[in-house]
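Those protein sequences? They're chains D and C, same order as listed.
Numbering of the first sequence is given in the numbering used here, commencing with residue 8 and proceeding in unit increments.
Numbering of the second sequence is given in the numbering used here, commencing with residue 8 and proceeding in unit increments.
Just so you know, these hints were derived from the structure itself, not from any lab.
The model shown is predicted, which means the values in this text are computed figures rather than measured ones.
Some clues are possibly wrong.
One copy or any two copies: either way a pair holds, since identical chains are not told apart in the list.
To be verified - The calculated EDC-like cross-link candidates involving lysine to aspartate or glutamate, where the alpha carbons are at most 16 Å apart (straight line), are:
(1) Lys38 / Asp24
(2) Lys19 / Glu94
(3) Lys263 / Asp49
(4) Lys501 / Asp151
Protein chains: 2
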Amino acid sequence: MNGNNCDKLVLKVKKIDLEAGGTYVVVLNKKLAEKSGIKSTDRALIKKGRKAHVGAINITSSGVLEDEIGVFNEWQEVELRNGEKIEVNIVGKPSALEAVRKKIFGEKLTKTEIYDIIHDITFNEMTQVEIAGFVVAVHIRGMDLVETANLTKAMVEYGQVLKLSGTVVNKHCIGGVAGNRTTPIVVSIIAESGLKIPKTSSRSITSPAGTADTVEFFADVSFNVKDLKKIIDKTNGCMVWGGSLDLAPADDKIIKVEKQLSIDPENQMLASVMAKISAVSAKYAVIDIPVGKEAKINDLKDANRLKEKFIGLGQLLGIKTSVLITDAKQPIGNGVGPALETRDVLYVLMNDKRRPLDLEEKALRLAGELLEITGKAKDGYGLAKKILDSGRAYKKFKEIIKAQRGNPEIMPDDIKTGNISFEFKSNKSGKITKLNNKIIVDLCKRLGNPIDKRAGIYLHKKIGDEVKSGELLMTLYAEIERKLERTKEILKDKKNNPYSII
Amino acid sequence: MNGNNCDKLVLKVKKIDLEAGGTYVVVLNKKLAEKSGIKSTDRALIKKGRKAHVGAINITSSGVLEDEIGVFNEWQEVELRNGEKIEVNIVGKPSALEAVRKKIFGEKLTKTEIYDIIHDITFNEMTQVEIAGFVVAVHIRGMDLVETANLTKAMVEYGQVLKLSGTVVNKHCIGGVAGNRTTPIVVSIIAESGLKIPKTSSRSITSPAGTADTVEFFADVSFNVKDLKKIIDKTNGCMVWGGSLDLAPADDKIIKVEKQLSIDPENQMLASVMAKISAVSAKYAVIDIPVGKEAKINDLKDANRLKEKFIGLGQLLGIKTSVLITDAKQPIGNGVGPALETRDVLYVLMNDKRRPLDLEEKALRLAGELLEITGKAKDGYGLAKKILDSGRAYKKFKEIIKAQRGNPEIMPDDIKTGNISFEFKSNKSGKITKLNNKIIVDLCKRLGNPIDKRAGIYLHKKIGDEVKSGELLMTLYAEIERKLERTKEILKDKKNNPYSII
Chain D
8 MNGNNCDKLV
18 LKVKKIDLEA
28 GGTYVVVLNK
38 KLAEKSGIKS
48 TDRALIKKGR
58 KAHVGAINIT
68 SSGVLEDEIG
78 VFNEWQEVEL
88 RNGEKIEVNI
98 VGKPSALEAV
108 RKKIFGEKLT
118 KTEIYDIIHD
128 ITFNEMTQVE
138 IAGFVVAVHI
148 RGMDLVETAN
158 LTKAMVEYGQ
168 VLKLSGTVVN
178 KHCIGGVAGN
188 RTTPIVVSII
198 AESGLKIPKT
208 SSRSITSPAG
218 TADTVEFFAD
228 VSFNVKDLKK
238 IIDKTNGCMV
248 WGGSLDLAPA
258 DDKIIKVEKQ
268 LSIDPENQML
278 ASVMAKISAV
288 SAKYAVIDIP
298 VGKEAKINDL
308 KDANRLKEKF
318 IGLGQLLGIK
328 TSVLITDAKQ
338 PIGNGVGPAL
348 ETRDVLYVLM
358 NDKRRPLDLE
368 EKALRLAGEL
378 LEITGKAKDG
388 YGLAKKILDS
398 GRAYKKFKEI
408 IKAQRGNPEI
418 MPDDIKTGNI
428 SFEFKSNKSG
438 KITKLNNKII
448 VDLCKRLGNP
458 IDKRAGIYLH
468 KKIGDEVKSG
478 ELLMTLYAEI
488 ERKLERTKEI
498 LKDKKNNPYS
508 II
Chain C
8 MNGNNCDKLV
18 LKVKKIDLEA
28 GGTYVVVLNK
38 KLAEKSGIKS
48 TDRALIKKGR
58 KAHVGAINIT
68 SSGVLEDEIG
78 VFNEWQEVEL
88 RNGEKIEVNI
98 VGKPSALEAV
108 RKKIFGEKLT
118 KTEIYDIIHD
128 ITFNEMTQVE
138 IAGFVVAVHI
148 RGMDLVETAN
158 LTKAMVEYGQ
168 VLKLSGTVVN
178 KHCIGGVAGN
188 RTTPIVVSII
198 AESGLKIPKT
208 SSRSITSPAG
218 TADTVEFFAD
228 VSFNVKDLKK
238 IIDKTNGCMV
248 WGGSLDLAPA
258 DDKIIKVEKQ
268 LSIDPENQML
278 ASVMAKISAV
288 SAKYAVIDIP
298 VGKEAKINDL
308 KDANRLKEKF
318 IGLGQLLGIK
328 TSVLITDAKQ
338 PIGNGVGPAL
348 ETRDVLYVLM
358 NDKRRPLDLE
368 EKALRLAGEL
378 LEITGKAKDG
388 YGLAKKILDS
398 GRAYKKFKEI
408 IKAQRGNPEI
418 MPDDIKTGNI
428 SFEFKSNKSG
438 KITKLNNKII
448 VDLCKRLGNP
458 IDKRAGIYLH
468 KKIGDEVKSG
478 ELLMTLYAEI
488 ERKLERTKEI
498 LKDKKNNPYS
508 II
């Protein structure tokens, strides 16, 4: 300390048992802060070895002594020891803020500027407000393909990379259609075919379930890179949660802010998808773009525009990318919500008669495409079907589940739904002409998804089916009575009925 | 508590001596959080009487008990007592977020939507990320005049309003030129003329000094509305810090986020200025728009466009608004930085021979305009000059300073500058053709402004002056040696010399 102002302090670590929702918080003594001209709007940079973090400053008059720095639980990652002396830098605005402002003002960003931003996001040197500024600016101003490629590369380079040999492939769906749980099926088929498919998934942002949310019913989804490599070396595949791997960590931090604002800028989404693929060393990828009136992408024109972007971005990144534009006029499969989707997946893999054929068909198309672009098969769909029908995909699935410390013998009926339910019946007879995806998603969220994993909707009827008055259309499941009651209330309004029957 | 999920909890208050830089933080026990499905990304709404705040949630396993809620110092405002039982609501996203998203997507906002946003900002029901989303969206997408008027009204209505009778006027400068400390002079002249001028000012965001930063050398600037009313009833005027008054409190919260991003969206600025004027019941206003190559507004076209907006907005708000476009090709006055600007103000009021004539001239023009638009004088400038030259303005100034609990007998030499200084001399002879405002501002910030109030620059020469080689151009003052040394270093580079001499 050097009198009434300082940029650099040496302080003793005092661990404080508090969590601030992922924000790195340090606590400084009020007298020290006054002496040093530190305000609670300043930031503190702590470096230890290769780990560095910028934290927000809280000020206390009694919680820590003048020569101490309190650190919240979030600092665990930096591996600070109680009582150890560390150097603390009081820092101002990050240099990347200039680049964020450039994007706000509508300018193109250079490679260096994008790397600056992603560096500072990765190492927590930007505040949530600054990340929000970046996200909103990118949403409104957009990015060109070169900017997006640089964004992707930066996100990958500042994180861990899963290095794998052999022919590594991946698939990704941009989301927007309920029940679309193809991943476990595609991974099982592809891994069985001899290709490597290290599949990482996210947890749900705005949908009833993410793949990671469902896979958790079978097995663990959190692994470090070392353990993950073992799983893939052994089985050729995996289906894990990306968040635990520190692959493209900036992406998760950006998504956290997007989530708060309920926005999903297209270029960020492109970069996010391709970063996940690039970070696991995949050189081939199939992207699923569901298109439907109530899906994320509403018309074919938008879907084709996005398709071109994915293919172009793939070229810039050295990833051979194929895009399937798929039908999202209604949910895929019968179950929506983590538990019910998990059941559907098992039905398909086990060739159970209750399996939803549309989910099976879609998984086969995606797997088939991967088999074709890698040159593994001329008739990819045919090979995929053979692998699935023979039970080899199910065997491979059990192998992967076991490697992921799960229970390979899990049966569909082992997966419990919420213990309160409601049967929604048709009030007229006729043919189902529409089944509104958006309403289903909304109802599932009201029922508790994605947090209440056993909540959800089972669709007994889908488009084209005949229905009689009084016949069961869908069953609603919830874990919490109030949520079920409120959802039933909503359903009383005719406009919230997802089914159109003529 | 009702089992494994709840929206509403009753908990015992436990005050925690921590500050989080203005963020309202509550601390919940980990077990309680797990039982109730509360995550550290959720928010807690605490209501007590008319006070309500949403806080961020920190989670601890030992800091508070299961039936307690820890509250940081920021919660003082809600007047919680240690040990009292309060109701805590765990809340999701605010309804205003939909409106923020509408603006992100480029749509016009209705009156209700804007009131929603400002309500939630005022009562801390939006996070910093959401406010950032709003600010950036408004910056990029803009607002029309009706939206801006609604924004202004909402900011005023959700705060305190200073109710005054008589002819209430105001002035405001949009900023962007250094040394422009006309306020104390204009207030003194106008209050002496019989008009009421309740002037609130901000602290500096990006300039070396705000008016509130300088007035503090004379007197207190923080008052509540009741005390302020007494000051104005007694003296017709005041010059106080707006932040202490809770006038348009949302504005301050928005500015705090703008500051973090170093942006200043035009419509937000318009609303901010007019809200300050409207919240003190002013029906007449003069706006100063400085124009210069290195000022905030660079050309006459922009200035005129902004002028039209101010006048139009004034009409929608029932405030007769006159706009003066003023010259900002160089700093106003000789001193830049809180202490040095304060001296200049005293020189002018005391008719001291050291007074900067450009500052005096500008203050007279602004005061004159106010006297004319209110019908107080046909030759406003003449009346203003008479009031200033006669010493009546200085007498009024002392009255106001006394009412603001200050020292009316303060002399220019009582205002100490930083005790370390550097004389910057000319290395050639000639005539000064340019004096770069932006460089002066940058140097002042390097010297420590606005935080180090006694730092700053005294300009011995201005545009048009003749100078000899070796003659003094400016004196740099600092409070902290390192800052002076670094600034001297910067000045060694020719491109950082603010003076052009031919």
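Here's how the hints hold up against the structure:
For the identical chains of this complex, Lys38 and Asp24 are inter-copy neighbours only, at 14 Å across copies versus 22 Å inside a copy, given an alpha-carbon limit of 16 Å. In this assembly of identical chains, the alpha carbons of Lys19 and Glu94 lie at most 16 Å apart only when taken from the same copy (9 Å versus 38 Å across copies). Proximity of Lys263 and Asp49 under a CA criterion of 16 Å is satisfied inter-copy only: 12 Å between copies versus 22 Å inside one chain copy. With identical chains, the CA atoms of Lys501 and Asp151 are never at most 16 Å apart, being 44 Å at best within one copy and 38 Å at best between copies.
Hint 4 from the list above is the single one not met by this structure.
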